Every structure is written in structure tokens, then in C-alpha cells.
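Visitor: One-letter residues, chain by chain:
Number of protein chains: 2
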Amino acid sequence: MSPVAPGLVLTRPQRIAWLRLIRTENVGPVTFRQLMNRFGSAEAAIDALPGLLKRTGANPRITTQMEAEDELAGLERYGARLVATGEADYPDLLNYIPASPPLVTMAGGENLDWARTVGIVGARNASSAGIKMTRTLALDLGEAGYTIISGLARGIDTAAHKASLATGTVAVLAGGFDKIYPDENIPLAHDILDQGGALLTEMPLGWEPRARDFPRRNRLVSGLSLGIVVVEAAKRSGSLITARLALEQNRDVFAVPGSPLDPRAEGGNALIQQGAKLITNAADIIESLGSADPSRNALFDPDWEPDFTSEAVDTAPPSTDDTARLLSSLSTTPVEVDEIIRQTGLSVGTIQTLLLELDLAGQIEWSSGQLVALRYR
Amino acid sequence: MSPVAPGLVLTRPQRIAWLRLIRTENVGPVTFRQLMNRFGSAEAAIDALPGLLKRTGANPRITTQMEAEDELAGLERYGARLVATGEADYPDLLNYIPASPPLVTMAGGENLDWARTVGIVGARNASSAGIKMTRTLALDLGEAGYTIISGLARGIDTAAHKASLATGTVAVLAGGFDKIYPDENIPLAHDILDQGGALLTEMPLGWEPRARDFPRRNRLVSGLSLGIVVVEAAKRSGSLITARLALEQNRDVFAVPGSPLDPRAEGGNALIQQGAKLITNAADIIESLGSADPSRNALFDPDWEPDFTSEAVDTAPPSTDDTARLLSSLSTTPVEVDEIIRQTGLSVGTIQTLLLELDLAGQIEWSSGQLVALRYR
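Each protein sequence line maps, in turn, to chains A and B. Just so you know, our numbering puts 798 at position 210 of the first sequence, and the rest follows in order with no gaps. Just so you know, our numbering puts 959 at position 371 of the second sequence, and the rest follows in order with no gaps.
If you are wondering where the hints come from, they were derived from the structure by calculation, not from laboratory data. Hints may be right or wrong, so weigh each one.
Identical copies go unnamed one by one, so any copy, or any two together, can satisfy a pair.
[Said to hold, decoys possible] Straight-line C-alpha distance at most 27 Å; calculated DSSO-like pairs for lysine-lysine: (1) K767 to K642; (2) K642 to K865; (3) K720 to K823; (4) K767 to K750; (5) K720 to K750.
None of the values given here were measured: they were computed from a predicted structure.
Build out the structure end to end from the sequences listed, making use of the hints.
Guide: Here you go:
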């Protein structure tokens with residue numbers, strides 16, 4: 589089932605090395621996997637980074653051993669743990685999303701059902717009807733055995749967590765484990781842990797969430813869920829971003845309808861027009877999820893998933909000309925690597941090396957793990 | 589386009605004969621067509637009725653010449669006219685529905701666009717939000733050139749007609765032209781006529797509408813429409829019957845969504861779950877109707893449509909045994925005629941004759957023109 593080796597348990601030095609690598613500037617989940625595949629281990633990748641960066645002239649900060657040890661110790665003081673993909677504790681549903689985090693920080697949730705999950709998202713300025721609807725859905729789904737995933741935001745998120753405290757809920761944070769947002773929900777975060785629920789984040793300890801971290805967090809809300817429910821959402825809201833991410837992750841999207849005269853119903857109604865399932869109660873969701881299997885029919889090529897075995901790419905070192913040729917073939921519009929290979933005539937090995945260098949130098953970015961573009965400045 | 593001969597204009601004696609035939613007990617639209625096809629004209633069918641009925645022992649009332657002349661004269665005093673299928677004034681969209689009425693009573697509407705039409709239906713006890721939604725939809729559709737069809741009921745129907753008085757609206761009545769229901773909407777009916785709209789019914793002058801006449805009327809509301817919009821509807825409401833009929837007629841069904849906490853939204857939300865299109869404004873409807881063509885992809889075999897030419901069925905007269913054999917093959921569950929032919933081994937001609945006799949005797953009923961069943965008593 590899981591695309592990574594089952595039964596993995598990192599040693600403490602390995603966990604520190606994974607943490608150093610993922611916390612290093614310009615290393616995201618995609619680059620992390622590329623480095624792991626190329627060098628076989630996080631330790632070897634870290635050792636190789638200075639060499640890789642030399643030719644680019646860039647000088648990203650490599651997280652030090654001490655910084656990583658400090659973060660891990662800090663997390664342990666909070667009662668949190670760092671879980672790597674492939675470890676028993678890592679939520680399996682996350683393995684099937686593009687750019688899944690190699691490491692997540694988790695607290696609590698040891699006895700949660702992470703396989704039967706529904707995400708509930710919606711407006712922060714929810715109406716009383718929206719809150720009531722959320723409470724009813726979360727209660728009924730919880731009683732039916734589903735774990736409720738949400739983002740600990742005001743409004744719909746808060747109502748979803750509160751109604752599922754007794755049956756199990758997971759709050760995904762946009763910042764560090766010690767930077768719960770909004771402040772007013774710190775007591776709710778404690779309640780979640782006290783009642784067997786979980787907090788989860790991929791961000792470093794101490795990280796203050798910025799605006800751009802919320803969409804990134806939303807991909808984990810949907811990624812942890814078999815399907816997500818949008819309860820109240822205006823047009824151009826974060827909830828609609830979550831819905832789009834859920835579709836990209838091959839997850840079900842459900843929406844609660846509302847009167848066209850109610851602006852808070854615009855997002856949900858538009859989702860239904862675009863193909864989301866109209867639901868009016870938990871039974872509608874449960875019936876539809878009966879056939880959900882996010883590991884099947886993935887939108888993304890399952891071959892892309894890393895196997896963390898070392899495959900030495902044995903090619904001549906790329907030249908400066910090669911770098912220029914590659915850069916001229918890129919723009920801020922994402923393209924497939926195959927297309928770049930066709931356009932430049934460069935070998936696969938050369939392209940892989942160059943893209944990794946440019947990635948670490950912060951000059952390119954991956955979207956969904958398979959498309960690459962110049963980073964927009 | 590039209591499945592009947594274009595350019596038909598009935599003479600006054602023909603019109604009287606059509607009226608006598610369709611007003612005769614047990615003669616509905618399906619039987620009317622069978623008689624026309626068999627005898628070539630309404631006059632010939634009326635002359636043949638006594639002979640057809642003799643063997644059945646039944647004695648349905650045949651409408652007299654004087655009764656038909658009285659109704660026609662009465663309608664003319666009201667400024668209404670009797671329009672036959674195939675005549676220029678007959679709304680073409682009606683030709684494509686099963687069991688379309690051979691004759692309709694119409695007043696007004698001479699300059700309406702009968703080809704670009706939208707039906708709007710919904711709850712009688714509509715909410716103020718539902719009324720507002722209806723008004724906005726009807727106004728915007730009217731301004732876009734669509735004629736609004738509805739049933740002159742309280743609530744949504746009334747709001748739909750009122751908002752489209754200036755641009756064109758058609759009220760379909762469940763009773764006779766002189767029995768407008770509800771009484772409080774008699775002034776609205778006059779306003780509709782005064783402003784160029786139309787009233788239409790298939791029921792006789794003087795007919796008080798009964799409960800069962802409303803679903804029958806609803807098939808004309810949808811039949812006159814390219815698509816229908818359900819604005820507010822409870823479960824098991826007349827509006828949902830109209831929606832079902834519209835689907836059977838291959839017409840688009842649109843529904844306005846609403847909060848699951850609002851009982852008046854249950855019907856619309858359920859329709860959307862079953863495949864109706866969620867709409868929030870007139871533009872949604874207009875966009876979708878761009879490709880509507882009810883004459884294509886009909887659910888019903890177009891070959892079934894009558895051509896009104898005489899085809900003498902030349903077979904030996906059926907025996908009493910044949911009648912018994914046919915009756916024993918029928919139940920109150922509708923079956924196809926082909927199935928009856930297979931089961932009884934009787935010839936097509938014999939079956940046609942027997943079914944016509946039993947139909948006129950009130951012992952069987954047709955549903956959708958192709959399925960036949962014993963009449964439920």
C-alpha cells in the first residue's frame with residue numbers, strides 16, 4: 589500500500605540528519621526526495637550540498653547539527669515528536685499527495701483512526717447557521733467513526749474541532765508547534781490533545797505563520813482527509829484553495845449548498861457547479877466515501893514517488909553552457925521535465941544535476957513535484 | 589421539425605369534431621391519436637365510437653355536437669381560441685412531449701416567443717428570500733428574451749408571472765378557462781392578458797380543477813419550457829413532480845440551492861444531488877440552455893408520434909376469448925404493448941382493436957403513450 593518502505597524507524601542521528609536537510613534553505617519536499625534518491629541518505633546529501641552549491645554561486649544556509657538537535661529537544665519538551673514518511677506513525681494518507689512532507693511534527697493522536705478521516709473547512713466569519721451545520725456534521729461523522737481534520741482557524745474550523753473533541757480530531761498548524769494561531773484557540777489546542785486528538789505541522793519550531801503558509805498548510809488538511817467538506821466559503825477564499833488542492837490530491841470534495849442571496853454560500857455553490865458533491869448531512873458524505881480510495885487513480889504518476897535508494901547518476905559534470913541552455917528553456921510558467929529534455933537536448937543526468945543545483949540556489953521551483961518553473965521574484 | 593403536418597388549419601366543423609372527440613369520456617390524448625390514426629379524422633372516429641363500444645358493454649358519454657359548439661362559443665366570448673396540434677398557433681415545444689394535448693385553449697400570447705421559454709415553479713408558501721430570488725430570475729430571463737411559464741399558483745408561481753408581465757409570461761391552468769385558481773389570482777390573469785401574455789389550458793370550459801388535475805397541468809408547464817427552474821420546494825411537493833415530468837420530456841431541470849437547515853430547500857437540494865443543475869442566477873440558466881434542443885434525444889420513440897393518416901387495420905374481428913386473454917395479461921403495472929403481443933400471441937391488429945375498446949370503456953390506461961395497464965379502481 590504505502591509507496592515507501594514499511595516499518596522504517598529512523599535512528600536519532602538519522603532523524604537529526606533528515607531534519608537538517610528538510611530545514612535547509614531552498615530544500616522543500618520535492619528537493620528533499622531528489623537529494624535522498626541521489627545520495628541515498630540525508631547524511632550523504634548534507635555532505636554533498638556544499639559541492640552542489642559551489643557552481644551556482646548561491647549560498648543558502650545549511651541547517652547545522654546543533655540547530656536540528658535544538659529543535660528536536662524543544663519538540664520533545666512540548667511532548668511532540670518528529671515522524672518521518674515510512675515510519676509507522678506517519679499518516680498513510682499523506683503518502684499519496686504530491687510533495688508530501690518527509691517529516692511532520694506531531695503531538696497526540698496515538699489512538700486516532702488516521703485512515704477514516706474527513707476534513708471540514710470554511711469561513712472564519714461563519715454565520716450561526718454555518719456553525720450549526722458544521723457542528724451537526726462533525727458530531728455525526730465522529731459518531732460514525734470518522735476523525736475530523738481541520739485548520740484550527742476561527743469560525744468553521746473551530747466548530748468542527750469542538751464538535752469532534754470526544755470522537756477524535758486533528759488540527760493542522762500553519763506555523764511552528766509553539767506558534768498556535770490564532771491565540772484565542774490555544775485552549776482549544778490543549779483540549780484537542782487532552783482528549784486524544786492530535787496537532788500536526790510540517791513547519792519548524794518557532795515559525796510564525798505568514799499568509800503564504802496557510803495554503804501550504806491547507807494541502808495537509810486535505811492530504812490527511814479522504815474527502816473535505818466546505819461548509820461556508822466566499823468566492824476567492826482559503827477554503828476554495830483547499831478544495832482545489834483536494835481535487836489535485838484525488839480526494840472527494842463535498843460542499844454544503846446555500847441560498848444564492850447569501851454571500852457566504854457563493855463558494856460552496858460554485859464548487860457544486862464545478863462538480864463537487866452537494867451534501868446536506870453526514871450520511872451523504874459517508875455514503876460517498878464508501879468507495880473512496882485515494883491511493884487509486886492518482887492524478888500523479890505513482891512512479892514519481894521516491895524509493896530512497898541511491899542511484900548514482902554517472903555523467904560528465906555539466907558545463908556553464910549547459911546551465912545557460914537550461915535556464916533559457918525555463919520561464920515562470922511550469923513545464924514538464926520531459927519537455928525541457930526535448931527542448932534542450934541535454935541528457936537526463938545533466939538536467940537532473942542542473943535542476944537540483946538551481947533548486948538549491950533558489951532559482952527554480954517545483955509545482956506538484958513534476959512541473960518546474962523559474963522562481964517568480 | 590414539427591412531428592405533425594405543418595400549416596394545418598382546421599375548418600370550424602373539424603374543430604368541433606376534434607373537440608367532441610377529445611371531450612368524450614375516456615378519450616385522452618393517447619386514445620385521441622389512436623382513433624385519429626385508425627379512422628383518419630375526428631368525424632370518422634366519432635361515427636365509429638358506438639360500434640367500438642358495443643362489444644365492451646360500456647357506455648361512456650360521447651360529447652354531443654351541441655355541447656362542443658357551446659364550449660367553442662363560450663370560449664370565443666371569453667376571447668379564447670381552441671388551437672389544434674399542427675396549427676401555426678400551437679406551441680411547438682408541446683409537440684415533443686408524450687401525450688401532448690391535441691387541442692389547447694389559449695388566450696393572448698400572439699406575439700410571445702414560444703420557442704425560448706423557461707418554466708419557474710416552486711412552493712406556494714414561499715419565503716421572502718424565495719420570492720426575491722424568483723423575481724430576480726424572472727426579470728433577468730425576461731430581459732434576455734425568455735418567456736416565463738408557470739402555473740398561476742400562490743408563492744413562487746405568482747412572483748414569476750408578476751416579474752415577467754412586461755416581457756412575456758404564460759400561465760397554464762389546471763381547470764377550465766373560466767375557473768381560474770386561486771381566486772386571488774384572477775386579477776393577475778387579467779394583467780397577464782393585458783400585457784401580451786397568455787393563458788393556456790387543456791381542460792374544458794367550466795371544469796373546476798381537482799387535486800389530480802395539477803400534476804397533469806404541471807406536465808404542460810414543463811412541456812412548454814426548454815427547461816424549468818425549481819426555486820423553493822419541500823420534499824414530496826408538486827414542484828418535484830414537475831421536475832420529474834420535465835426530465836421525462838427531456839427538458840433541463842435547474843434548481844436553486846439553499847441551506848440544509850431550511851426545509852424549503854430540501855427539494856431543490858435533492859434535485860441537485862440527483863443531477864439537476866445548480867443555478868444561482870439567470871446567466872447560469874441561459875448558458876446551459878444554449879445547447880437545449882428538446883426535439884433531439886427524446887426519451888420516447890419518435891416513431892410513436894401520430895401522422896394522422898388513415899391506416900385501415902384489416903383483421904378479423906376479435907373474439908370474446910381474445911379479450912379475456914388480453915385482460916389476463918394485464919395488471920395495474922404498466923407494460924409495453926410488444927410484451928403483451930409476445931405473451932398473448934394475438935396479432936398486432938387484434939391487440940390494437942381490443943386496447944382501443946378497453947380504453948374507451950375505461951378499463952385500461954396509458955402512461956406516457958407507450959405503456960398500458962389496467963385502470964386502478
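Visitor: Run every hint past the structure and note whether it holds.
Guide: Verification of the supplied hints:
no. : hint         : in the structure
1   : K767 to K642 : neither (35 Å within a copy, 92 Å between copies)
2   : K642 to K865 : neither (51 Å within a copy, 58 Å between copies)
3   : K720 to K823 : both (21 Å within a copy, 22 Å between copies)
4   : K767 to K750 : within (20 Å within a copy, 58 Å between copies)
5   : K720 to K750 : within (12 Å within a copy, 36 Å between copies)
Checked against the numbered hints above, the structure violates hints 1 and 2; every other hint is satisfied.
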